[in-house]
Each structure stands twice: as C-alpha cells, then as structure tokens.
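Undergrad: Read top to bottom, the protein sequences are chains A and B. Note that the first sequence covers residues 1 to 317 in this note's numbering. Note that the second sequence covers residues 318 to 634 in this note's numbering.
Treat the hints as calculated values from the structure; they're not laboratory data. Note that CB positions come from ideal geometry on N, CA and C, so glycine has one too. Please note that a few of the clues may not be correct.
[Said to hold, decoys possible] Derived list of chain B stretches under chain A, where covered just means 3 residues or more per stretch with a C-beta under 8 Å from a C-beta of chain A:
{"id": "1", "region": "391 to 404"}
{"id": "2", "region": "513 to 523"}
{"id": "3", "region": "571 to 584"}
{"id": "4", "region": "602 to 610"}
2 protein chains.
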Amino acid sequence: MYLIGIDVGGMSIKGGAVALNGEIIFKTSIPTAEKYTADYSISEDIKKVIDLVIEGAKISLCDVKGIGIGQPGSIDSKKGIIRYSNNIALEKVPVVDELKKYFDIPIYINNDANCAALGELVFGAGKGYNDIVFVTLGTGVGTGFIIDGKLFEGRECAGAEGGHMVINTSQDAPMCNCGQRGCWETYASATALMRQTKEAMEKYPDSIMHKLAQEEGKVSGKTAFGAAKLGDKAGQEVVNNYMSYITCGLVNLVNVFCPEAILIGGGISNEKEYLTVPISKAVNEGRFGAKFNPTIEVKTASLKNDAGILGAAALAL
Amino acid sequence: MYLIGIDVGGMSIKGGAVALNGEIIFKTSIPTAEKYTADYSISEDIKKVIDLVIEGAKISLCDVKGIGIGQPGSIDSKKGIIRYSNNIALEKVPVVDELKKYFDIPIYINNDANCAALGELVFGAGKGYNDIVFVTLGTGVGTGFIIDGKLFEGRECAGAEGGHMVINTSQDAPMCNCGQRGCWETYASATALMRQTKEAMEKYPDSIMHKLAQEEGKVSGKTAFGAAKLGDKAGQEVVNNYMSYITCGLVNLVNVFCPEAILIGGGISNEKEYLTVPISKAVNEGRFGAKFNPTIEVKTASLKNDAGILGAAALAL
Numbered sequence: 001m002y003l004i005g006i007d008v009g010g011m012s013i014k015g016g017a018v019a020l021n022g023e024i025i026f027k028t029s030i031p032t033a034e035k036y037t038a039d040y041s042i043s044e045d046i047k048k049v050i051d052l053v054i055e056g057a058k059i060s061l062c063d064v065k066g067i068g069i070g071q072p073g074s075i076d077s078k079k080g081i082i083r084y085s086n087n088i089a090l091e092k093v094p095v096v097d098e099l100k101k102y103f104d105i106p107i108y109i110n111n112d113a114n115c116a117a118l119g120e121l122v123f124g125a126g127k128g129y130n131d132i133v134f135v136t137l138g139t140g141v142g143t144g145f146i147i148d149g150k151l152f153e154g155r156e157c158a159g160a161e162g163g164h165m166v167i168n169t170s171q172d173a174p175m176c177n178c179g180q181r182g183c184w185e186t187y188a189s190a191t192a193l194m195r196q197t198k199e200a201m202e203k204y205p206d207s208i209m210h211k212l213a214q215e216e217g218k219v220s221g222k223t224a225f226g227a228a229k230l231g232d233k234a235g236q237e238v239v240n241n242y243m244s245y246i247t248c249g250l251v252n253l254v255n256v257f258c259p260e261a262i263l264i265g266g267g268i269s270n271e272k273e274y275l276t277v278p279i280s281k282a283v284n285e286g287r288f289g290a291k292f293n294p295t296i297e298v299k300t301a302s303l304k305n306d307a308g309i310l311g312a313a314a315l316a317l
Numbered sequence: 318m319y320l321i322g323i324d325v326g327g328m329s330i331k332g333g334a335v336a337l338n339g340e341i342i343f344k345t346s347i348p349t350a351e352k353y354t355a356d357y358s359i360s361e362d363i364k365k366v367i368d369l370v371i372e373g374a375k376i377s378l379c380d381v382k383g384i385g386i387g388q389p390g391s392i393d394s395k396k397g398i399i400r401y402s403n404n405i406a407l408e409k410v411p412v413v414d415e416l417k418k419y420f421d422i423p424i425y426i427n428n429d430a431n432c433a434a435l436g437e438l439v440f441g442a443g444k445g446y447n448d449i450v451f452v453t454l455g456t457g458v459g460t461g462f463i464i465d466g467k468l469f470e471g472r473e474c475a476g477a478e479g480g481h482m483v484i485n486t487s488q489d490a491p492m493c494n495c496g497q498r499g500c501w502e503t504y505a506s507a508t509a510l511m512r513q514t515k516e517a518m519e520k521y522p523d524s525i526m527h528k529l530a531q532e533e534g535k536v537s538g539k540t541a542f543g544a545a546k547l548g549d550k551a552g553q554e555v556v557n558n559y560m561s562y563i564t565c566g567l568v569n570l571v572n573v574f575c576p577e578a579i580l581i582g583g584g585i586s587n588e589k590e591y592l593t594v595p596i597s598k599a600v601n602e603g604r605f606g607a608k609f610n611p612t613i614e615v616k617t618a619s620l621k622n623d624a625g626i627l628g629a630a631a632l633a634l
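Chain A on its own, in the form it takes in the complex:
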C-alpha cells in the first residue's frame, strides 16, 4: 500500500507516492495557477497531480491507502475545507468533497505546518516522541503541536497558530500580515532575520555581512550567520538577538505544552547545531520552573525538501 501526499504551495503543487515506511517512490509537480475561481477550483489541479502521481508511480488507486493534502492557510480539516488562504487567494473551498467525486478513498487536508509536524512525528526527527512543538522558520513562522501522539489543532481546527503570538506589545513593534503588531513571526521568521540583517548592515558599514551579501547577490537568511561564524561582531549581534527572539516564542510554547522535543524546520534550520545548541540551553534555562520541571530536547527537523509531501502523506496514515 502507498500514501499520496500533495504539497500545495504558492509556486507549485507537488505530489508524491509514499511507501508506508516513508520512502517516496515517485514525485512530480505542476505550477500553481495564478488565479482559481468558482469555475476553476484548485481541486482540479490537485486532481491532475494525483493522476500524474498514480501514473508515474505505476500504481493503481486500489494500492493507495489514502490521500493527504498540505495547504497553507486556515483549514477546517474535519470538514475538508480551505477556510481561507492568503498567498494563493482561496476562500471556502470544499477540497475534500470536490476530490471525492474522482477518488473513492480517504482524503485529508490540513494546514502545511500541521502536516510538517505530523510528518516529522511519523517519518522524521519526531519519531519516538509523543509531545512535540514543531516550528518552521521561513517566510513566516508556522507551528504544529503534537500532544499524546496526536495533532492538536484547537477547536474547529482554528488554533495552533503560534507564529501569531505577540512577543512585543509595544506600539512600535513590527506590523504583521495578520493585522497585529509584534507577532513572533515578525521577529523569528527568515524574513525577519533578513530585515534585522539589513538594519545591522546600515548601522555597521564595516561588517563582513556586506561582503557576504555581495558574494551571494543578496541579503539572505545566511548572511548574518555566515558573518557570525567568521567572528564578525555585528553578525554575532544579529544572530544572538535573532536566537533570543526564537527562544522567547519557544519558551512561551514550552510553558504551555511542556513538550518532550522542539523540532525546528524551515530554511533557517540549516544552521543546525549552531542554532539548536544555544537555543536548547536558553529554552531550558528560561522556561518556567527550570529547576524542577522536565527538560526539553531541541533538534532540527529532518525531512527537509520532501517535508511537504511526506507531511501530507502522514495525514492519510
């Protein structure tokens, strides 16, 4: 038996056939349309990808245990509906019902960060844990929570948005896309790191960050980390502040969930131990009742490029 995982993104809709052990036997993708309408539902494109996956993997629908779809935005996973998606403009799309017309097998949809958390639990760095706080540091900050081995989505699947915890109530805190100021996302995303890097570069014209950015052709999430590793004071300041922001949100979530492990995904997680070692120390020292409460492991997520497909596939397990 196989699982089909569909990873919907702003640029492409990826799909893969996944063996029950997490091996991807075939994967493909098509571009995401510029606009979906009442007459042209995103379900049509998802169907296309599923067909391509079944064909390319040389399997039949009878071999498929279920289909899982990971989708950015607010998803009602119980009803199988995209409530709202920001980057691909979608509102109230009953994806699961639309796909059920074509595929008479179990079909699931969930928020992409929730899928990623589940994927790590089932196939990745979260194996063996029952309680996980997963966070992905990318364009935004996505969170997924595993409690007692199960995905926790909040009532009506409308919670688990840890990226929109406010960690700075000040009126001059950065504005977030969600309408609030000072969300964790505005401090701890890769986007935020780039903003912080640029601000430091303006302040420190002699920083090696300028050279690194020039070599890469842009300021990226790697600029400050690269400079810090070369001993650049300004780069170290940026990285230390950035890690303290990551830590702040993680401590908040630890004080609520007390997970066994925190898994960090997204582009920034490529910094590996350079990121996780100081953050682990800071989280375990900063959490409430550090002296008498259980310690928390901090690791990077392990699924990387295939996280989207595998996380979506994990929904169908």
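Add chain B to chain A, keeping to what the hints say.
TA: Then chain B, alone, in the frame of chain A:
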C-alpha cells in the same frame, strides 16, 4: 455521596464538603503554618482539615467519593506530588501518598489555577463548554486549559503556565518572579495594575485616582477602574492599557487553543462587563483569521470565593 475540596493558600488551608451538584454543605479552615519541614509535612495540616470537614459536615469517609486538593505551584498531578511551591516553601512533597495512609479513598492534587478552571467547567460559568481558556488575574496570572472537556496540563503536568508567556521581549520589560522579563503576569496581574496605577498617579497629580486611593486607604486594583468610570482621563488611560495587556495574552492563547470561551477569574473579574465587553471585542478582532475563524465568548468566572474549594472538589469527580 460528597466530595471534599481542599484549597491550600499562603494564609490558610480551607476545606469543604461538596455535594455532587456543587453545593457546599460545610466548610472550615486552619491557618497555614509558617514553615513545613521533613518532620512536619503540609499533609498533616491537610489531614487536619479533612478530619474537621468530615466531622463538621456530619458525614463519614464512606460518604466521600474522593478528595481533591488545589495547591499553588508546580504539581505533578499524576504522581500526586508537589514539585515546588514558591509562596509556601515546599519541594518534592508526596502529598497524595502521605494522605493515603489516613484515607483509603481516591485523592487528587493539582495546581490551583487548573482546579479553578475545572471548577468552572463542572460547577460554574464553564458549564456546557468543552474548550475553555481560564485565566485568573490576581497576585499573579494563572491559567487553566480545558480541551475536549478535559484539563490539559502539558507533558508531565508541567505546562499550562500561560501567565509566563513573554509579551514584551524588551530588555526594559518588568522583571517577573520566574526569572524572565516581560511575562504576561507582569502586565496583566492585579499587582501589575496597581504598579501601572501608581505610575499614572505620579504622572497625573490631578487625577481623581489620588482621591479614590485616599478614601480606600491604598492603591488597589479598583483605583483606576473607579476613576475611569467617573470619566477620569488618566484612569481611563490606565484601564485601557491594562485591558490591552490582558487582551494581548488572551489573543496569544486563542491563537493556540481557539477555545469556545474565555473565563476570567480573580479579583479583577469583579469589574464584570466593564472588563469583558471591550476585551471580548478586542480578542475577537485581534485573533488570527478573525474574519473566517469561529468567535470566542468572554465571560467572568462565577465561583468567586468558593472557587478554591469547588475547583479542588471537581478533581475528585
């Protein structure tokens, strides 16, 4: 059948016999000792209160379904151990095992805010809800979370400390007892409100807050609210800021849990609709995905003075 609820506080240990419908048929209390030691466990005093309750209520142990104990601090409710308590200096006290020697019936212990949340669910304003965020605004900020009708305590009962979410990462944020700066507790507790009131009084010598504080003999959690209701600009500023801090933490918790209801307890909740109406509006407008996610009811807790006994008793249900 009856439940016995024990409410351990810094000043007194209260106990009550509670009918299954939540009616307290008898209650009593003894002073909390100044110091407990290896030879003089707090369990001895709790036993005393239980004996007094059984005697006073004219019931026998056979009539008691179970005993519940609400205790401030970090409690391992599964093992029945006080891990650590700050205001009454206690560390690693196996209260349930110690009491089992005297009472051969089910005995439970939990953190006081968790008990309060459970008490509201079973006997109070939380009746009929399955998903509740409970917050008590007192000396500190305590939180209790009900998910799917059950108390959520985090792994090893070491979570649910929402009062120690940092809502201001700045280095100049107020210091919290927990060792962090900028915890929600340092902005939204009654203690914090009094600090904010005093600061405003220094800034506005003409504010009516001075008169109200003089009449009451002190600055209290009521000073600014009283002034605001009289149209005092400075009082309104204090109250508006204070409510925005409460809202900030509540939105953070709503974005994680998406409860059906938020219940606000503690002394500040006496402000009733003056507090809940603007906070309800602000929470529902500020939460992530306000336009498409379910709304949240915001109410005050209803158990008031007996919340401690009833919450503890609810543990034994």
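Undergrad: Now, for every hint given, state plainly whether the structure supports it.
TA: Structure-based check of all given hints:
1. 391 to 404: The restraint on the region 391 to 404 of chain B holds, since 3 of its residues have a Cβ under 8 Å from chain A and three suffice.
2. 513 to 523: violated (count 0)
3. 571 to 584: Held - the region 571 to 584 of chain B has 7 residues with a Cβ nearer than 8 Å to chain A, which meets the minimum of three.
4. 602 to 610: holds (count 7)
In summary, the one numbered hint that this structure violates is 2.
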